[in-house]
Structure formats: structure tokens, C-alpha cells
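Residues per chain, in single letters:
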Amino acid sequence: MYGCPIVAEVAVEQAQTPRAGPASVLTATGVTRRYGEGDTAVTALDDVSVQIERDRLTAVMGPSGSGKSTLMHILAGLDTPTEGSVTIEGIEITTLSDNDLTKLRRDHIGFVFQFFNLLPMLTAEENMTLPLSIAGRSPDPDWMKTVIDETGLRDRLTHRPSELSGGQQQRVAVARALLSRPTVLFADEPTGNLDSAASEEVLKLLRRAVDTADQTVVMVTHDAHAAAIADRILFLSDGRLVRDLPAASEDQIIEAMKTLGG
Amino acid sequence: MLKVAVKGLATRRLRAVLTALAIVLGVALVAGTYVLTDSLHADLGSVYQTIYKNTAASITGRNAIDTGANAANGGSVPTFSQSLLARVRRLPGVAQAEGGVSGTAQLVLGGKTVSFGSSPTLGYSVDPSAPQLSSLKLISGHWPAATEMVVDSNTASKKHLKVGQLVGVQADGPVLHLTISGIVKFGSASSLGGTTLTGFTLATAQRLFQKPGQLDSINVAAKSGTSPQQLVNEIKPILPRDAQVRTGAQQAQTDTNSLDSSLGFLNTLLLAFAGIALFVGAFVIANSLSITIAQRTREFATLRTLGASRRQVLRSVLAESLIVGVLASIVGLVVGIFLAKGLFALFNAVGLSLPNSGTVLRTRTIIVALLVGIIVTMLASLRPALRATRVDPIAAVREGSTLPPGRFARFRTPGSAVVILLGFLAIVLGLFVAHGTGPVLALMGAGAILVFIGLSLLSARFVPGMALWIGWPATVVAGAVGRLARDNAMRNPQRTASTASALMIGLALVTLVSIMAAGIISNFKGAVNAQFGGDYAVVADNNFSPIPISAGEAAARAPGVIAVGDVRGDEDKVFGSTDDLTAVSPGVAQTITVKWVHGSQRTFAALGSTGAIVPKSFASKHNLTAGSPVTILTPTGGRATFRVRGIFNPPNGNSPFGSVTISAARFDQLYRQPQNIFSIVKMRGGETAANRAALRRALSGFPGAKVQTRSQFINGQISGLSSVLNILYVLLGLSIIISLFGIVNTLVLSVFERTREIGMLRAIGTSRRQIRRMIRHESVITALIGSVLGIVLGIAFGALLSARVSQITFTIPVGKLIVFLIASWIVGLIAAIFPARRASRLSPLQALAYE
Numbered sequence: 001m002y003g004c005p006i007v008a009e010v011a012v013e014q015a016q017t018p019r020a021g022p023a024s025v026l027t028a029t030g031v032t033r034r035y036g037e038g039d040t041a042v043t044a045l046d047d048v049s050v051q052i053e054r055d056r057l058t059a060v061m062g063p064s065g066s067g068k069s070t071l072m073h074i075l076a077g078l079d080t081p082t083e084g085s086v087t088i089e090g091i092e093i094t095t096l097s098d099n100d101l102t103k104l105r106r107d108h109i110g111f112v113f114q115f116f117n118l119l120p121m122l123t124a125e126e127n128m129t130l131p132l133s134i135a136g137r138s139p140d141p142d143w144m145k146t147v148i149d150e151t152g153l154r155d156r157l158t159h160r161p162s163e164l165s166g167g168q169q170q171r172v173a174v175a176r177a178l179l180s181r182p183t184v185l186f187a188d189e190p191t192g193n194l195d196s197a198a199s200e201e202v203l204k205l206l207r208r209a210v211d212t213a214d215q216t217v218v219m220v221t222h223d224a225h226a227a228a229i230a231d232r233i234l235f236l237s238d239g240r241l242v243r244d245l246p247a248a249s250e251d252q253i254i255e256a257m258k259t260l261g262g
Numbered sequence: 001m002l003k004v005a006v007k008g009l010a011t012r013r014l015r016a017v018l019t020a021l022a023i024v025l026g027v028a029l030v031a032g033t034y035v036l037t038d039s040l041h042a043d044l045g046s047v048y049q050t051i052y053k054n055t056a057a058s059i060t061g062r063n064a065i066d067t068g069a070n071a072a073n074g075g076s077v078p079t080f081s082q083s084l085l086a087r088v089r090r091l092p093g094v095a096q097a098e099g100g101v102s103g104t105a106q107l108v109l110g111g112k113t114v115s116f117g118s119s120p121t122l123g124y125s126v127d128p129s130a131p132q133l134s135s136l137k138l139i140s141g142h143w144p145a146a147t148e149m150v151v152d153s154n155t156a157s158k159k160h161l162k163v164g165q166l167v168g169v170q171a172d173g174p175v176l177h178l179t180i181s182g183i184v185k186f187g188s189a190s191s192l193g194g195t196t197l198t199g200f201t202l203a204t205a206q207r208l209f210q211k212p213g214q215l216d217s218i219n220v221a222a223k224s225g226t227s228p229q230q231l232v233n234e235i236k237p238i239l240p241r242d243a244q245v246r247t248g249a250q251q252a253q254t255d256t257n258s259l260d261s262s263l264g265f266l267n268t269l270l271l272a273f274a275g276i277a278l279f280v281g282a283f284v285i286a287n288s289l290s291i292t293i294a295q296r297t298r299e300f301a302t303l304r305t306l307g308a309s310r311r312q313v314l315r316s317v318l319a320e321s322l323i324v325g326v327l328a329s330i331v332g333l334v335v336g337i338f339l340a341k342g343l344f345a346l347f348n349a350v351g352l353s354l355p356n357s358g359t360v361l362r363t364r365t366i367i368v369a370l371l372v373g374i375i376v377t378m379l380a381s382l383r384p385a386l387r388a389t390r391v392d393p394i395a396a397v398r399e400g401s402t403l404p405p406g407r408f409a410r411f412r413t414p415g416s417a418v419v420i421l422l423g424f425l426a427i428v429l430g431l432f433v434a435h436g437t438g439p440v441l442a443l444m445g446a447g448a449i450l451v452f453i454g455l456s457l458l459s460a461r462f463v464p465g466m467a468l469w470i471g472w473p474a475t476v477v478a479g480a481v482g483r484l485a486r487d488n489a490m491r492n493p494q495r496t497a498s499t500a501s502a503l504m505i506g507l508a509l510v511t512l513v514s515i516m517a518a519g520i521i522s523n524f525k526g527a528v529n530a531q532f533g534g535d536y537a538v539v540a541d542n543n544f545s546p547i548p549i550s551a552g553e554a555a556a557r558a559p560g561v562i563a564v565g566d567v568r569g570d571e572d573k574v575f576g577s578t579d580d581l582t583a584v585s586p587g588v589a590q591t592i593t594v595k596w597v598h599g600s601q602r603t604f605a606a607l608g609s610t611g612a613i614v615p616k617s618f619a620s621k622h623n624l625t626a627g628s629p630v631t632i633l634t635p636t637g638g639r640a641t642f643r644v645r646g647i648f649n650p651p652n653g654n655s656p657f658g659s660v661t662i663s664a665a666r667f668d669q670l671y672r673q674p675q676n677i678f679s680i681v682k683m684r685g686g687e688t689a690a691n692r693a694a695l696r697r698a699l700s701g702f703p704g705a706k707v708q709t710r711s712q713f714i715n716g717q718i719s720g721l722s723s724v725l726n727i728l729y730v731l732l733g734l735s736i737i738i739s740l741f742g743i744v745n746t747l748v749l750s751v752f753e754r755t756r757e758i759g760m761l762r763a764i765g766t767s768r769r770q771i772r773r774m775i776r777h778e779s780v781i782t783a784l785i786g787s788v789l790g791i792v793l794g795i796a797f798g799a800l801l802s803a804r805v806s807q808i809t810f811t812i813p814v815g816k817l818i819v820f821l822i823a824s825w826i827v828g829l830i831a832a833i834f835p836a837r838r839a840s841r842l843s844p845l846q847a848l849a850y851e
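Protein chains in written order, with my numbering: chain A, 1 to 262; chain B, 1 to 851.
Just the calculated beta-carbon pair ranges, DEER-fashion:
{"#": "1", "chain 1": "A", "residue 1": "158", "chain 2": "B", "residue 2": "494", "range": "21 to 31 Å"}
{"#": "2", "chain 1": "B", "residue 1": "14", "chain 2": "A", "residue 2": "39", "range": "24 to 34 Å"}
{"#": "3", "chain 1": "B", "residue 1": "818", "chain 2": "A", "residue 2": "83", "range": "53 to 63 Å"}
{"#": "4", "chain 1": "B", "residue 1": "390", "chain 2": "A", "residue 2": "158", "range": "32 to 42 Å"}
{"#": "5", "chain 1": "A", "residue 1": "29", "chain 2": "B", "residue 2": "464", "range": "46 to 56 Å"}
{"#": "6", "chain 1": "A", "residue 1": "211", "chain 2": "B", "residue 2": "309", "range": "56 to 66 Å"}
{"#": "7", "chain 1": "A", "residue 1": "39", "chain 2": "B", "residue 2": "302", "range": "27 to 37 Å"}
{"#": "8", "chain 1": "A", "residue 1": "34", "chain 2": "B", "residue 2": "14", "range": "24 to 34 Å"}
{"#": "9", "chain 1": "B", "residue 1": "17", "chain 2": "A", "residue 2": "249", "range": "56 to 66 Å"}
{"#": "10", "chain 1": "B", "residue 1": "42", "chain 2": "A", "residue 2": "37", "range": "52 to 62 Å"}
{"#": "11", "chain 1": "A", "residue 1": "158", "chain 2": "B", "residue 2": "526", "range": "52 to 62 Å"}
{"#": "12", "chain 1": "A", "residue 1": "29", "chain 2": "B", "residue 2": "494", "range": "49 to 59 Å"}
{"#": "13", "chain 1": "B", "residue 1": "464", "chain 2": "A", "residue 2": "251", "range": "46 to 56 Å"}
{"#": "14", "chain 1": "A", "residue 1": "87", "chain 2": "B", "residue 2": "17", "range": "43 to 53 Å"}
Examples of chain B residues lying across from chain A (beta carbon under 7 Å, computed):
{"#": "15", "residue": "487"}
{"#": "16", "residue": "763"}
{"#": "17", "residue": "844"}
Among chain B residues calculated to face chain A with C-beta under 10 Å, some are:
{"#": "18", "residue": "480"}
{"#": "19", "residue": "488"}
{"#": "20", "residue": "845"}
{"#": "21", "residue": "848"}
Keep in mind that the hints were calculated from the coordinates and are not lab data.
Bear in mind the structure is a predicted one, so any value in this text is a computation, not a measurement.
Ideal Cβ placement from N, Cα and C applies to all residues, glycine included.
Given only the sequences and the hints, what does the whole structure look like? Please build it.
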């Protein structure tokens with residue numbers, strides 16, 4: 001229903017480099033984010049530099065107030081750093097105008113939110129295709145079919161969010177993010193509002209997206225179980241990047257968290 | 001709890017202000033109305049007091065019938081013989097006595113009459129030896145001699161008239177050429193609106209107004225030691241039967257009273273519109289409060305878990321609206337004072353000039369405005385406040401809990417349908433059963449209110465359906481965001497319905513007015529087309545003033561004229577009530593065609609001195625048949641009996657004649673100052689440029705008269721109606737502005753409620769422009785739903801009214817309705833500006849923010 005193409009507002013910027021480019025798709029250099037001025041200033045991120053590798057699932061962990069959400073907002077272009085630079089596929093995003101950022105989101109970024117954030121008046125399918133509809137594009141039918149099958153929502157397509165369980169709603173949200181094949185998919189506490197069974201489904205889905213569809217995923221979580229599916233785990237504490245672990249088990253992650261005092 | 005209410009308001013300042021705006025406007029209209037009419041009263045009242053300041057006694061003609069005519073312009077108040085003046089002057093208590101005549105006199109400059117809109121053009125005689133007794137006050141120059149005149153300063157400056165200049169003046173006779181000797185003003189008024197004032201010597205004025213040897217009034221100054229009452233007692237014995245005497249104070253009071261009755265009507269009319277605006281305002285407030293209260297479910301639940309009783313929650317909500325009501329009413333009062341000035345400007349703009357020299361704010365105005373504003377706010381907040389009390393404490397801990405449905409939610413659809421039916425029943429009763437203006441208006445008003453309330457409740461049922469097709473163009477134009485806009489409008493049908501209903505009220509009334517106007521106009525056109533048997537009409541330049549009989553005679557001398565039918569008019573008293581009497585010259589037989597029940601066209605020419613024609617409705621009311629006697633009483637006390645010779649049936653009550661029509665010859669004997677209302681001319685060859693030019697040439701001595709074709713005549717006669725219509729549209733426009741604020745309110749509240757959703761849309765690639773578009777389309781869809789409902793309702797009201805009133809032929813003014821729809825679309829666009837901007841400024845981070 002939402003596949004109707006709209007008049008493209010601005011020609012879509014095609015700055016994408018080929019998929020087989022360098023290993024790092026997203027680079028943050030010396031990123032600092034301060035809120036407020038003078039004595040009351042709070043430093044949420046303090047000189048963080050990080051490279052996110054292509055086709056991998058990177059988890060960002062840390063206790064509350066560690067700056068992990070701020071980092072994700074800045075990496076995704078939702079927030080602007082006080083200092084430092086962020087590039088996605090070589091595009092410097094910290095200086096982009098609001099319109100260019102909107103285009104960047106359409107082309108390069110997908111989101112999965114903790115509270116699903118589906119539109120209540122749209123069906124599951126309409127919710128999935130919403131970003132494409134807004135951009136005035138149509139979904140690739142083969143890819144659409146694959147995503148629907150992967151998320152197991154085929155018999156739920158005409159349901160509205162209120163008729164879906166939390167896990168199903170989050171799978172719709174994942175499908176929505178995957179459909180536009182974003183350069184990076186950001187997931188913000190994707191299991192934070194789900195029971196363990198539903199969490200498991202969503203985590204598997206994200207993992208499969210990386211393994212079978214070469215999707216780059218950045219997941220912010222404070223759940224060690226969720227972080228255990230990652231290829232790499234970044235730990236933040238007091239606004240600094242303190243550890244950078246390769247894939248680890250849940251126990252190892254919990255141990256690592258303890259050393260941070262989280 | 002009061003503290004909670006105050007703090008709550010302070011944090012929701014924007015929402016409080018938006019809610020209050022509706023009340024501010026309504027109160028402003030109430031206050032503005034009172035200020036306007038009070039100022040007019042004070043202004044004109046003081047004018048009359050000043051005029052009669054030096055007049056101890058005033059002698060005027062005695063009107064045999066109660067015409068309620070304005071004594072200031074002479075009207076049809078009868079004159080009396082000038083010989084009385086000499087006798088009055090000889091009385092021992094009289095210091096000075098000034099005899100005067102007055103009437104309508106038009107300045108003629110360059111062959112054209114001077115007038116400002118439809119403002120009056122008044123002419124007076126002045127006695128240079130007793131200027132203190134005159135209504136006119138000299139500003140510069142000197143009082144006029146025989147071939148001179150004075151003119152008011154306003155007209156002089158607008159038309160660049162100077163002392164020493166030669167100008168033309170025409171009243172009831174031929175044009176006189178006079179030199180301006182001085183500039184004057186009327187009493188103490190700085191301005192009488194666009195009124196033109198002229199002053200002449202008594203002899204010149206008598207020539208102008210064709211009142212030779214006659215006077216309209218004698219103003220008398222008493223010798224010191226003689227009280228006004230003593231003076232009146234002295235004068236009384238020497239008065240002829242057709243004159244009366246009052247003290248100056250009484251005369252001023254009489255003039256002020258006649259003024260007050262017309263101001264009273266204006267006051268009532270404006271207050272009715274203020275009432276409509278407040279009613280719409282109440283809708284807006286009730287809706288805004290419902291939304292805010294739904295959004296604050298959590299807050300109320302928290303208060304309840306902290307131990308607040310239901311009563312305390314209720315009190316806190318009502319306290320909030322009390323504060324809003326008080327503040328809004330105070331602001332509204334202040335705005336109202338400015339609005340009064342705006343209304344002055346409005347009336348001036350449409351040509352109904354009002355004098356304006358100061359603003360009067362009475363205590364009554366303050367009290368009424370504040371009380372009305374506060375009470376309306378409190379009433380509107382009652383239902384939402386009661387709903388707030390039904391919030392369960394558990395809602396405090398539940399994610400996304402909503403307000404429990406009202407206790408009567410189940411009965412909503414049947415209930416609102418019953419309310420609508422009751423409303424229509426009341427309207428039908430008012431129209432077809434009730435008698436007397438009071439009950440009719442009360443029933444219709446109450447009925448309309450019930451229909452509006454019922455429909456606002458019921459319309460939630462068809463909002464989704466309407467949004468689906470009204471929103472269709474948005475989905476085509478704006479694609480995905482258009483669809484989202486439509487879905488948003490359908491999402492909370494009651495909210496959309498309530499918001500749209502405020503606009504519905506304004507549009508229903510605007511539609512009704514336009515249907516009435518179209519009905520009256522089409523009816524009038526039909527009637528003129530059926531009855532206008534000539535080629536041209538000769539009417540006054542302003543379309544309604546009487547014109548000299550000699551104009552008709554001059555027209556008859558034009559080459560090619562076959563017949564001229566003159567229609568004269570004045571007032572009479574017949575069967576106990578004051579009514580319009582007309583008279584026809586024989587030429588009417590060939591120029592005005594009526595449908596005869598009894599008699600024929602030839603009857604017009606065969607009335608003689610005792611024949612009369614009456615319309616069918618008058619005949620049946622008084623059981624008149626051919627030969628029945630009809631006795632009339634003229635303003636000068638003349639009595640005459642006529643026999644019914646003809647009965648005619650005017651189409652839909654649109655008659656060119658009064659209740660009794662006699663021959664012009666007899667009329668000229670009965671009335672002292674016979675004048676034509678219009679003449680219809682039939683010419684060889686019909687409507688041709690040559691004929692028109694010939695008529696114009698024949699009438700060149702009458703600059704106050706003009707020649708019109710049939711369609712020009714129709715338009716000219718309707719032009720007065722369009723002034724009235726424009727005022728009604730502007731006044732109803734205020735209600736529409738209030739409903740615009742209602743849409744702004746709802747949108748701002750919805751945007752606030754959907755903060756996270758809008759943030760998500762931004763995060764998944766929606767541009768700011770698209771967000772603005774989405775809100776704009778939602779706004780337009782809401783506005784159009786309101787206007788479609790309003791127009792349908794207005795058509796229904798219009799159909800009912802036309803079924804009752806024969807002068808209105810039910811006509812749907814399609815063009816006007818399309819204009820209204822476009823206007824509503826613009827209202828939607830304007831209403832969306834601010835909310836759309838707020839929505840587009842929301843950061844995508846909002847979607848990720850935790851509760």
C-alpha cells in the first residue's frame with residue numbers, strides 16, 4: 001500500500017563505494033560530546049575513536065551513563081559531536097545539513113528501537129515498507145520475500161501492531177530496517193523490552209542478517225546475553241572506550257563488565 | 001492541589017495559551033459589541049444634548065401616525081405653516097425663535113451628486129440671527145445669505161470645497177447653484193461618519209425641499225426668568241392642530257430614544273454573533289481540555305496513588321480552567337476595546353458610516369465580559385474534568401494506559417442521534433408552529449445548538465469514512481506522507497470530529513446566510529423579471545432615496561418614450577397599523593405587469609380619486625373583496641376612504657407596491673411632499689444606446705436620479721443586501737478564526753503526543769519538509785471534514801428556512817460554496833503552519849529517548 005512512489009524531493013546522493021571496499025565502513029575519530037556550558041558541562045563522550053568493520057555485528061556495551069547511547073546517536077548521525085569526525089562509507093557526516101542527513105539515513109542507515117516504534121494505524125507490511133515509501137522507492141520483491149521469510153511474519157503481514165506480540169513487533173521493526181539494505185543497521189537495546197524467548201528470536205534474526213545477507217550491525221545493549229552474539233564487543237565507561245573484545249561468551253562478557261565496575 | 005494546578009499550567013504554558021485564545025476572541029467580541037454601542041450612544045446622545053442646549057422649547061409637526069421616523073432628517077414628519085413663527089415670536093417669554101426646514105439635500109459637483117457610500121446627506125435651514133439655536137456650528141466663513149450655503153468640514157476637506165466656491169445642490173426640486181459661505185459641523189460631533197451636511201437660509205431651504213411657507217420645526221430660546229415649562233405652556237394655546245411643542249430637554253430625549261431603539265437592534269445583532277463565537281470557543285476549549293487530560297492520564301493516576309481523592313482531581317482540573325478563564329477573559333476585554341474600533345472601521349468599509357469620537361467602557365461591559373468568559377470556560381471544562389476523575393491509580397504504573405471511556409460511551413451514537421433529531425424538531429417547531437419573534441428565534445437557536453452538539457458527537461462515526469475520500473487527493477499529491485496524514489486524521493475519530501465541528505458551526509451559518517441571500521436575490525430577480533414591463537428604470541443615485549416627481553415628468557418628455565409609470569410612496573395608517581402606501585400614475589398600466597386576482601392592467605389607469613389596489617395577502621387578511629372600503633390616515637392627519645378596485649398576487653410576496661395603492665393624482669392631494677420611489681419607462685425600440693442617451697439627456701437636470709436597465713435596476717436594489725451580507729460574513733468569520741485556533745490546538749497537542757513517532761519517522765529517513773507536509777495535510781483534511789459537514793448542515797437549515805419563508809426561493813449558491821471550501825482549505829493550511837514547524841523541528845533522538 002505504501003509502495004506508491006512519490007516525487008523524489010532531491011536527487012538521491014550516490015556516494016556509495018563498492019561493497020568490497022575497505023574492512024571499515026564507519027569511522028569515528030576523536031569524538032567528544034559535551035552537554036551544557038561551563039561548570040555544569042557534562043562530558044558524555046571523551047575522545048573516542050573507533051572503526052566499525054563491514055559485515056560484522058558489533059556490540060557496544062557499558063553501564064548506564066557510560067556514553068554508549070550517545071556514541072550510537074553520533075555514529076548514526078542523529079547527534080553531532082562537539083569535537084571529532086565521523087565518516088560512513090567515506091562521507092563525513094558531522095557537517096551535513098539536515099536535508100543531507102535525511103538522505104544519508106535513507107541510503108545508509110537502518111534503525112531498530114527498544115520500543116519498536118511502529119505506527120499503530122499501519123499494518124505490519126505497511127510498517128516494513130514505510131521508509132521506502134517515504135523515500136519514494138519500491139521494495140525489491142525478491143529481497144522483500146527473503147526478509148518476510150527470515151522474520152517469519154508471512155501470516156502476520158496484514159495485522160496491526162496492536163494485534164502482534166512484542167517479539168513480532170520487534171521482528172517487524174527489524175524487517176523495516178533490513179528492507180532498505182542499509183550500510184549500517186543500528187539496534188538500540190533491541191531486546192530491552194522483550195521476554196527471553198522473544199529476545200532470542202530477535203537476536204537470531206540479527207545474527208542471520210550478518211551471516212547470510214552481509215548486513216553490518218551495530219547493537220547497543222547492556223545485556224551480556226545479547227552481546228554474546230556479536231563478532232566484537234566495545235566497552236564504554238565514563239565516556240571512554242575502555243575495552244575492545246573479539247567475540248566472547250556471555251560469561252566472559254559478564255567478567256569484563258565487572259572489571260569496569262558496571 | 002491548587003498549587004499542582006498552577007504549576008501544571010505553568011509547565012504547559014503553550015497549551016494553556018492556545019486553549020485560552022478561543023475564549024479571548026469570544027470575550028473580545030462581547031466586550032467590543034458593548035463598547036461600540038455604548039460609544040455610539042454616548043456620542044450621538046451628546047450630539048442631541050448640544051443641539052438643544054440653547055433651545056428651551058421645540059415646536060415640531062405632529063405626526064398623526066406613529067412612524068417612528070427620525071426627526072433629525074425631516075422624514076415624513078409633517079410640516080406646519082410658517083405663520084406660526086411670527087406668532088411665537090410675539091409671545092412674552094420668547095427671546096428668540098428660529099423656524100427651520102430640513103431634509104435630504106445632495107451636493108452636485110460637475111453634474112454628479114456627492115455621497116459617501118450610503119451615508120445620509122442632510123440639509124438644514126439656518127437662521128443667521130439665532131445661530132445658537134441651530135444644529136450646525138460655524139467653524140469658518142459666515143452664515144449663508146440668499147444665494148449662499150454652508151457645508152460640513154468633513155465633506156469640504158474630502159471634496160476640496162472652499163469658501164467662495166460655486167456648487168450645485170438638489171433636494172426635492174431642481175438644482176440650485178449656491179456659493180459656499182462657510183464651513184460647519186454638526187453639534188459637538190467630530191464626525192457623523194460619512195454624513196454630508198449642508199445649511200441654507202430658510203427661503204432657500206424651503207425652495208430646495210419644496211416646502212414653501214412651511215416649517216418643520218421652530219426652536220425657541222426663553223427670556224431669562226422664563227422656565228422651559230412656562231415657555232411650553234405659553235406656546236401651547238397658539239399651536240395649530242398639526243404642531244406640537246416640547247421642552248428642549250424632552251426633544252433631545254425623544255431624538256435619543258429613537259436613536260437608542262436602532263442601537264438596541266445593532267447591539268442584539270452583534271451580541272448574537274458574539275454568542276456564536278463563544279459557542280464555537282466552548283467547543284475548542286472542551287476539545288483541547290479533553291486532549292490534554294487524556295495525555296495527562298498518568299499524572300492523574302500518580303496523584304491518585306499519592307492519596308488524592310477524585311474530588312481533589314476534579315477540583316485541580318477545574319481550578320486550572322478557572323485560571324485560564326479569568327486570564328483569557330481579562331485579555332479578551334482589552335482586545336474587545338480594540339475590536340470595537342475595528343468594528344467601526346468594518347461598518348465604514350461597507351458603507352454604513354457611524355459617528356466615532358470616543359471609546360466608552362462601562363462597568364457593565366467589564367462584568368458581563370468577564371462573567372461570560374469564565375462561565376463558558378468552566379462549562380466547557382466540566383466534561384473533561386469529570387473524565388479525569390475516572391482515571392484509576394493503576395494507570396500510573398502501566399505503560400500506555402488511556403482514559404477509561406465515559407460512563408455514557410455506549411449510548412453515544414443513539415444519544416447523539418436523538419439530540420440531533422430534537423434539534424431539528426425544535427427548528428421545525430420554531431419555523432412552522434411558533435408565533436412571535438421571541439419564541440421563533442428561541443426555538444430555532446436552541447434547535448441549532450442541539451444539532452451542532454449532537455452532530456459533533458455523532459460525526460466521529462463518519463469521520464473515518466470522510467477522511468478516506470477527503471484525504472484521497474493528499475495521498476496522490478504527497479504519497480506516503482499524504483497517506484500518513486490521512487491515517488492520522490482517522491486515528492482518533494472523536495478528536496478529529498470535535499476539532500472539525502468547531503469549523504462546522506461557522507460554515508453551517510455562513511452557508512445558511514449565503515443560501516438565504518441567494519434565495520432572496522433569485523426570488524427578487526424572478527419577481528422583477530415578471531413584473532418589470534418597461535425598458536428603463538429611473539431611480540435615485542443611491543438606489544433608495546425618493547426622487548422628485550418632476551424627474552418622472554422630464555423622462556416622459558424624452559423622444560421615443562411610450563409611457564412612464566411613476567410609483568410614489570409614503571406611510572399611512574390602515575386597519576390600525578402603520579404601513580407603506582404607494583401611488584401609481586396611469587403609465588404604470590403599460591410598464592408594470594402584475595398577476596390580477598381581480599381587475600386588469602387597465603385598473604392602474606382607472607383608479608380615479610377613490611379606487612385602490614391591494615395585494616391578495618392584504619385582501620384576505622382583512623376580508624377585502626372588490627368594492628370593499630379601505631380607510632387610510634396620512635401623517636398629516638388626513639383621512640380618506642377608498643374602494644378596492646383591483647386585487648393582485650405578487651410572486652412570492654415580492655410586490656413593487658405597498659399594502660394599499662392609489663392613484664398618483666389623489667396621492668398628490670393627500671400628501672404634502674409627494675415624491676417618486678422610482679419610475680419605469682417604456683420606449684420605442686426597447687433597450688438601445690440611443691434611447692438610453694435620450695433619457696439621460698431628458699434627466700440632465702436631475703443629477704440625483706439615474707437611468708438603469710432592468711438588470712441594473714435589479715442589481716441596484718440588491719446592493720443594500722450585499723452590504724448587510726458582507727457584515728454577516730465578517731462577523732461569522734470571527735467564529736471561523738476561533739475554530740482555526742481549535743485546529744492549531746489539536747495539532748499542537750497531537751504533535752506533542754506523537755513526539756516519539758515523529759522522531760522515528762525522522763530517523764528512518766523522513767525529511768523535515770515531509771513532516772511539515774504530513775501535518776499540513778492532516779490539518780487540511782480536518783478542516784475540510786468540518787466544512788463539508790457545515791455546508792451540508794447549512795443546506796439543510798437553508799432548505800427548512802426557504803420552505804417557511806416565501807420571499808426565499810431555495811437556491812444552492814454553488815459558486816459561493818466552492819469559495820467556502822477553498823477558504824476552509826486555506827484555514828487548514830494556516831492552522832498547520834505553527835504545529836508543522838514544531839513537528840519538523842523535533843529531533844530524531846526523541847524516538848530513542850527512554851520514558
